[in-house]
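Chemist: Chain by chain, the residues run as shown.
Number of protein chains: 4
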Amino acid sequence: MVKVGVVGYGVIGQRLADGVALQEDMQLVGVADVAPTLSIKALKERGMPYNLYNALADNQKLFDDAGIPVSGTLEELVDECDILLDATSAGVGAKNRKLYEKYGRKAVFQGGEKNDIADVFFHGYANYEKGLGKQFLKLTSCNTTGLIRAVDCLDRAVGVEKIAITIIRRVADPGDYHRGLTNALQMDKAPNHQAVDLMTIMPHIDATGILVHTPVTHGHIITIVATTKKKIEKQDALRLFKEHQRIRVVRIADGFLGNASLFRYARDLGNPRGDMYEIAIWDESIVNSGDDIMFAVNIPQEAVVIPETMDAVRAAMEMQTDRLEALSLTNKYLGMGRWK
Amino acid sequence: MVKVGVVGYGVIGQRLADGVALQEDMQLVGVADVAPTLSIKALKERGMPYNLYNALADNQKLFDDAGIPVSGTLEELVDECDILLDATSAGVGAKNRKLYEKYGRKAVFQGGEKNDIADVFFHGYANYEKGLGKQFLKLTSCNTTGLIRAVDCLDRAVGVEKIAITIIRRVADPGDYHRGLTNALQMDKAPNHQAVDLMTIMPHIDATGILVHTPVTHGHIITIVATTKKKIEKQDALRLFKEHQRIRVVRIADGFLGNASLFRYARDLGNPRGDMYEIAIWDESIVNSGDDIMFAVNIPQEAVVIPETMDAVRAAMEMQTDRLEALSLTNKYLGMGRWK
Amino acid sequence: MVKVGVVGYGVIGQRLADGVALQEDMQLVGVADVAPTLSIKALKERGMPYNLYNALADNQKLFDDAGIPVSGTLEELVDECDILLDATSAGVGAKNRKLYEKYGRKAVFQGGEKNDIADVFFHGYANYEKGLGKQFLKLTSCNTTGLIRAVDCLDRAVGVEKIAITIIRRVADPGDYHRGLTNALQMDKAPNHQAVDLMTIMPHIDATGILVHTPVTHGHIITIVATTKKKIEKQDALRLFKEHQRIRVVRIADGFLGNASLFRYARDLGNPRGDMYEIAIWDESIVNSGDDIMFAVNIPQEAVVIPETMDAVRAAMEMQTDRLEALSLTNKYLGMGRWK
Amino acid sequence: MVKVGVVGYGVIGQRLADGVALQEDMQLVGVADVAPTLSIKALKERGMPYNLYNALADNQKLFDDAGIPVSGTLEELVDECDILLDATSAGVGAKNRKLYEKYGRKAVFQGGEKNDIADVFFHGYANYEKGLGKQFLKLTSCNTTGLIRAVDCLDRAVGVEKIAITIIRRVADPGDYHRGLTNALQMDKAPNHQAVDLMTIMPHIDATGILVHTPVTHGHIITIVATTKKKIEKQDALRLFKEHQRIRVVRIADGFLGNASLFRYARDLGNPRGDMYEIAIWDESIVNSGDDIMFAVNIPQEAVVIPETMDAVRAAMEMQTDRLEALSLTNKYLGMGRWK
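Residue numbers (my numbering), protein chains in the order written: chain A, 2 to 341; chain B, 2 to 341; chain C, 2 to 341; chain D, 2 to 341.
Where hints are given, some of them may not hold.
Under the rule of at most 20 Å between Cα atoms (straight-line distance), these lysine to aspartate or glutamate pairs were calculated in the EDC-like manner [said to hold, decoys possible]:
1. 45(B) / 65(B)
2. 243(B) / 66(A)
3. 341(A) / 66(B)
4. 235(B) / 207(D)
5. 230(B) / 162(B)
6. 190(D) / 255(B)
7. 243(B) / 46(A)
8. 232(D) / 292(B)
9. 103(C) / 117(C)
10. 163(A) / 234(C)
11. 341(C) / 207(D)
12. 232(C) / 162(A)
13. 243(C) / 66(D)
14. 4(C) / 319(C)
15. 232(D) / 207(B)
16. 4(C) / 80(C)
17. 131(A) / 117(A)
18. 232(A) / 319(C)
19. 103(A) / 83(A)
20. 99(D) / 66(D)
21. 42(D) / 255(C)
22. 135(D) / 323(D)
23. 235(D) / 207(B)
24. 341(B) / 244(B)
25. 62(B) / 46(B)
26. 190(A) / 234(C)
27. 96(B) / 59(B)
28. 163(D) / 46(B)
29. 131(B) / 326(B)
To give an idea of the chain C side of the interface with chain B (calculated C-beta under 10 Å), a few residues [to be verified]:
30. 176
31. 180
32. 183
These aren't lab readings, by the way, just hints derived from the structure by calculation.
Just so we're clear, the structure is a prediction, and the values are computed from it rather than from any experiment.
Ideal Cβ positions, reconstructed from N, Cα and C, are used throughout, including at glycine.
Please model the complete structure; the sequences and the hints are all you need to start from.
Modeler: Right under this line is the structure:
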């Protein structure tokens, strides 16, 4: 059993902890955070299913005052684990890395950190092999993770030469009060970082794109115009997407009218938090544009990186050396593709 | 075991089914709907934990085409149950009532129906006794249900003479595409129906108020200015609210910044769908206004009526004749107040 | 002086009336509507700068009760005009067309009507000549009008072969309560009608695209991936756009952060209603995608069709037979390009 | 002619400048700002109708680079004026005050500054006399300004003893990207500062209330429960409000469905920027609550303080010593009540 710790118990950290707990070949040693946030208070109300470690000594009194049991310090957590999943706020990971180095532990960082924090910029499907045995891996961000799933799926079948993407980005998560947008769309400078990041992982593809922020909380939508080496017809693309374990093909005609339908569907499934690990592709969005193929993808920003982070643990710890074997185990333990 | 059927498997119907399934002294016979909606498709993806009955014969082919197993017709469901929880669209309940009458079954209707559909307009806390043994009960709507919880709590302690309320109403549920509001507040004619409905159930109180629709999806907020028979200080009101099993007192200082914090907290608790049965009252919102008391309540519109509907089954079926005994059982099976 | 009447005094109709009033070679005979709406009440509060005609005899009492002076019936307005600008709700124009035919009058319909209502589907820049002398013209819708401006600009310089567009559509106008979306993005079936419409007017271009509705009110944003006959570099595209009289090139660096900045800027200009006739293109959005060019356009949905409708009057009435001469007069009277 | 300068040319400053320009007994010397913002760029595009003064010497190059003509420094503007209207960001006014003192000039500060910046906390209707001849006046904030108009109107007629208010606050102005809220309502600690501020100006009234932020941009809505010395019936309150020059009584039945209808109506009136100086009260919102009266007010946050700031100039400069005479002149020059 690989011993895993989660550092930072926010939107991503909570889901990483749940994801690790589902992997039958991993053991969740505990989670760490710096203060008794609402998420930590929820952990307490749930009866402390996970051990909590205090990542900021000065705040011990805050945990005590809130009646929240603490199992040790962050340093102790690091010591007890084989690998740490760092889901702290952007910039904190770089500081934590020194601690991981001190104890000779491996770590997986999330997309908010700078690329040079890690030995490899990682995506389970696209470059699993590059992560094998590495000490420090950095995941792609939520948008890039989902984007690569779809592009890699096409690329392995017909070869992708070039993509031009439009990211319609959700601006906040449900419950966020520290950021938001009201009745406005906001432009980012082109090309967006997701296209640039994709090229780091898939250097044979020419990628660019435009990102527009929108005042919603449930999932990004990305439109992709892909130039393939071999022209692919809609029906063939559809078939490829349907076979992918981390893609859910949905239809407007069935009631999947947009990102909010997918969130509601995940809630109706009874999924904890209404989370969904799969990206979705709308059947009716797939069209040929000359010899190119165009389609729209939904990215459930809160949970989409969980599977690829599990893959990263498998690669870093060399639990499986074969890409497909590793992906398949992650998928099985997370219950992905069960419904296909 | 009282045999219960749920008619209409939408936002409320799904949650009623889950709520009944948790009551150890009730048996969920099944749920009925007219078409393979997304909610029904989610039921199938979950492996059909509940039996499904088809409420519209003409649509049987749609269920077959979607590969959804059907256990019978709505009429068969009615025949097999002691009591039906009707959560159909407004107006349909009146039609269904004839079917319930044909089989001599009892039924509980939701707030969207007209009052004259039922023998009694019901609220578990405020008038449990009036529902005892009745054939047809109608629940209060989500806002009124939550409002009465808070007002009844004060009323039993110090007597409430008059309330003036402002309802800041969420305009759609997450996933709704058939209604919505964009960058606008919308006025309703005063007095709002919730104040009028409250007076039907609590006729000794003079109630009025103004309702404003807002473009959000997670919970209504109601401010209440209550004139009490005996002046009540903030600390005493706070104590009363904290003791109530269906009220959660929260603090802005703890991170409960608004309705979206409560939704996020319920998700972090791992509650299915991120649902919460309790209304919330903000500690920092409670202020005296002369001899009156003013405070703000959050109403989780999707789940708030579930406990009171369970109470209604208990009353109609005379499972408990004592109000507090009935409420206490509902609360226990739904896990309410566990965290206090 | 060409005598012009405006039928339908809603969002578009009001702006058409103002636009006609600014054309020194046209005379606004009056405007017609069916009831004393808020827009008509505003006309009254302004002191009736335009004559009002009643388009629904049965409603004369409503106008009288509201104290709004009426100059005649719709039929009388038609009789007094050379050409009618029909800005009624979708579908009504088809009915009105019979009235225009009865009096042998010309008419320009807006984008909501079906294409077969008119002799030609018209855009001032792209196919002015086709409108010359025609009796019935139909304008492109707001998105298509703005889209064609940008595409035609490139097409005349370097030839456009193919476009793939993503429309990020605003879902309602400011003040709309009859439609809206709350915290949701909504998908349309691809290809969107704007791409199809563009091909009707520019049949040499292969166009497709995806449309996503967003919960905002101030302007659509369209991203365009254009395959040109001759590769065009960013700086050259930028220069072309800057020279265009109906395009405003803006920079994020200057504070034009999104669609809402443009609305605010138009308000700060003191433009009546905060309207803007120009589409905007963000400098920082223009990027090459291989040999293609990609960029983002803002469409001010309420006012963007006014200039092209003025062009349509010029074409239908053969006021100018030369395209550039006509466009130039429209621009001059509307004050477009003045600031370049 | 009283010489007036406007310091800070943002949302409020622009409107103050326009307001001063309309007062026939005042002369707008110029406006000052620290950088070529979008609002300043719009001023340039309009052809510099107002002289611009540079408030930050270091930024002169920015103005030059943007081709914006500058008439002098802030200090020169102060020197040339009798009174300055300070509409700078919160906190800057305190610094500017020293400059005004150096030149012995008077100044009116906006609601964002601390109360101790001024000799008197001012509202034209409620305490005009207190401002007479004072050097430094501070206006109430937008919500408080509108609130006091309505409460003062009732107070002068029947005496107001106590109010309990609920402020449904818009969270950003159109075009704001530096603040926003997405799909969330946010609570403030009670009592809100508006109630506290009102008591500073109207110390005989006991005021408290709750404020909730909502994700909209067009106008706050306040519900007021007022306890009056003498009971007032709805029809009498309605008559008082209708007679008030700065209140516009509107009806849902006429199409004024909410705050966005009022914004649209102001745009339809052709008002520059779609601004409205009046607060609105909905006829159908007025209800008796026992002996109290309850109603809902709309506050157009961008323009509502302009009239009271003009009143402040009149008081500080002792242009009129009689309250009603002063208010009446402000109203006349701003065109208020013209439509009654």
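Chemist: All hints, please: hold or fail.
Modeler: Hint check:
1. The hinted pair formed by residue 45(B) and residue 65(B) meets the criterion: a straight-line CA distance of about 12 Å does not exceed 20 Å.
2. A C-alpha spacing of about 19 Å is found between residue 243(B) and residue 66(A), which places the hinted pair at or below 20 Å, so the restraint holds.
3. Of the pairs offered as hints, the one joining residue 341(A) and residue 66(B) holds, with about 16 Å between alpha carbons and a cut-off of 20 Å not exceeded.
4. Between residue 235(B) and residue 207(D) the CA atoms are separated by roughly 17 Å; this keeps the pair inside 20 Å, and the hint holds.
5. The hinted pair formed by residue 230(B) and residue 162(B) meets the criterion: a straight-line CA distance of about 6 Å does not exceed 20 Å.
6. The suggested pairing of residue 190(D) with residue 255(B) holds, with an alpha-carbon distance near 13 Å, which does not exceed 20 Å.
7. In summary, the hint linking residue 243(B) to residue 46(A) is supported, as the alpha carbons are separated by about 16 Å, within the 20 Å threshold.
8. For the given pair, residue 232(D) sits about 18 Å from residue 292(B) by alpha-carbon distance, which is consistent with the 20 Å threshold.
9. Distance restraint check for residue 103(C) and residue 117(C): the Cα-Cα separation of roughly 18 Å lies within the 20 Å cut-off, and the hinted pair is therefore satisfied.
10. With a CA separation close to 17 Å, the supplied pair residue 163(A) and residue 234(C) stays within the 20 Å bound.
11. Note on residue 341(C) and residue 207(D): the hinted pairing is violated, with a Cα-Cα distance of about 57 Å set against a maximum of 20 Å.
12. At most 20 Å may separate the alpha-carbon atoms for a hinted pair to count; residue 232(C) and residue 162(A) meet this at roughly 18 Å.
13. The suggested pairing of residue 243(C) with residue 66(D) holds, with an alpha-carbon distance near 19 Å, which does not exceed 20 Å.
14. Of the pairs offered as hints, the one joining residue 4(C) and residue 319(C) holds, with about 13 Å between alpha carbons and a cut-off of 20 Å not exceeded.
15. In summary, the hint linking residue 232(D) to residue 207(B) is supported, as the alpha carbons are separated by about 16 Å, within the 20 Å threshold.
16. Of the pairs offered as hints, the one joining residue 4(C) and residue 80(C) holds, with about 10 Å between alpha carbons and a cut-off of 20 Å not exceeded.
17. With a CA separation close to 15 Å, the supplied pair residue 131(A) and residue 117(A) stays within the 20 Å bound.
18. Under the criterion of a C-alpha separation no larger than 20 Å, the hint pairing residue 232(A) with residue 319(C) is inconsistent with the structure, at around 47 Å.
19. For the hint pairing residue 103(A) with residue 83(A), the CA-to-CA distance comes to about 13 Å; that is within 20 Å, so the pair holds.
20. As the CA atoms of residue 99(D) and residue 66(D) are separated by approximately 30 Å, the hinted pair breaks the 20 Å bound.
21. The suggested pairing of residue 42(D) with residue 255(C) holds, with an alpha-carbon distance near 9 Å, which does not exceed 20 Å.
22. Between residue 135(D) and residue 323(D), the direct Cα distance comes to roughly 15 Å. Compliance with the 20 Å bound is thereby established for this hinted pair.
23. Straight-line distance between C-alpha atoms of residue 235(D) and residue 207(B) comes to about 17 Å, which keeps the hinted pair within the 20 Å bound.
24. About 8 Å separates the Cα atoms of residue 341(B) and residue 244(B), which keeps this hinted pair within 20 Å; it holds.
25. Straight-line distance between C-alpha atoms of residue 62(B) and residue 46(B) comes to about 19 Å, which keeps the hinted pair within the 20 Å bound.
26. Under the criterion of a C-alpha separation no larger than 20 Å, the hint pairing residue 190(A) with residue 234(C) is consistent with the structure, at around 17 Å.
27. A threshold of 20 Å between alpha carbons decides the hint, and for residue 96(B) with residue 59(B) the separation of about 17 Å falls inside it, so the pair holds.
28. For the proposed pair residue 163(D) and residue 46(B), the alpha carbon gap of about 57 Å is over 20 Å, so the pair is violated.
29. As the CA atoms of residue 131(B) and residue 326(B) are separated by approximately 15 Å, the hinted pair is consistent with the 20 Å bound.
30. With 10 Å as the threshold, the beta carbon of residue 176(C) comes within range of chain B, its nearest partner Cβ sitting at about 8 Å, so the hint holds.
31. Here the hint on residue 180(C) is kept, as its CB sits about 8 Å from the closest CB of chain B, short of 10 Å.
32. The beta carbon of residue 183(C) comes within 4 Å of a beta carbon in chain B, closer than 10 Å, and the hint placing it at the interface holds.
Taken one by one, the earlier hints fail for this structure at numbers 11, 18, 20 and 28, listed in ascending order.
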